[in-house]
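Trainee: Numbering (the working numbering), first residue to last: 1 to 241.
By construction, these hints were calculated from the structure, which means they are not laboratory data.
Heads up, a few of these hints could be off.
Listed next, the in silico PhoX-like pairs over lysine-lysine satisfying Cα-Cα at most 25 Å (straight line) [as the list claims (entries may be wrong)]:
#1 K9 to K51
#2 K114 to K66
#3 K66 to K31
#4 K23 to K42
#5 K14 to K24
#6 K66 to K105
#7 K42 to K31
#8 K113 to K88
#9 K105 to K72
#10 K72 to K13
All of these numbers come straight from a predicted model, not from anything done at the bench.
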Amino acid sequence: MARTPGLDKNGMKKGTWTPEEDKKLRAYVRKYGFWNWRQLPKYAGLSRCGKSCRLRWMNYLRPAIKRGNYTKEEEDTIIRLQGLLGNKWSAIASKLPGRTDNEVKNYWHTNLKKRSSQNISSSSPQEAITSVNHSCDHEFGPKNISETTQNNILDLPINCPMTHQIVEGFASLHLSSSSSKTSLSSCTEAVDFSNTECEASGSPSIVESNGNFWTEPFITDNNIESWLSQDEWLFSHEIFY
DNA sequence: AAATACTCCAACCGCCGGGTA
DNA sequence: CTACCCGGCGGTTGGAGTATT
């Protein structure tokens, strides 16, 4: 499972993360957040590229990541959304709290792919659409998504968290025979998602207030107690999720 | 017990889009 | 307008762990 440790062309370490590296990354992110992944390893004392740090944090160290077996509901959701959206793993994972796109992708390829292909012969895309439609009805009131989408893809309940994915899924299914992201974006750009369940992405003022954050991240750390209490707030409000 | 085949998943790679200077 | 940087995404791979022969 683990990859052999080595160095990339820039002299950065590759391969499996050690517990010590995890500790450093976790401690740094919990204290300072992640405002520039490229710079982060330098100040966190890690010989890793920023990308590797980001991946490690997002897929493994992040709080609230759910480990262990998938529930029947989760499996059904993955199968259903994969049928609708294709390999939009991040979109699918966003509907599974605590699961990462990488994890969902792996689980699909190792466990669900075969089952799904068997089910395809017995259930139509229309059934999958209807199923999602019901889940939206439950939270956002009745709206016939399948019918609406076929008539006007933009006329969807904007507050429905499924809408973005549904639009993209139908864009790939109906609007273009190619899989280029350009064709998808040209469709989704017309929709205002500002009112959907987007996570907060702005930098908290605690960082902005520190003008030398990146140049002196540790030096300015004079008020650890205060930082830690704010850290808990950030986590409780899912700023880091 | 040893060898081989298979499974699973952490991690890497390359590409793309958004933001900005 | 262009070039560059960065974060994010999806496809792929390496190899440890497990099952089978």
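Trainee: Tell me the numbers of any earlier hints that the structure contravenes, in ascending order.
Mentor: 10
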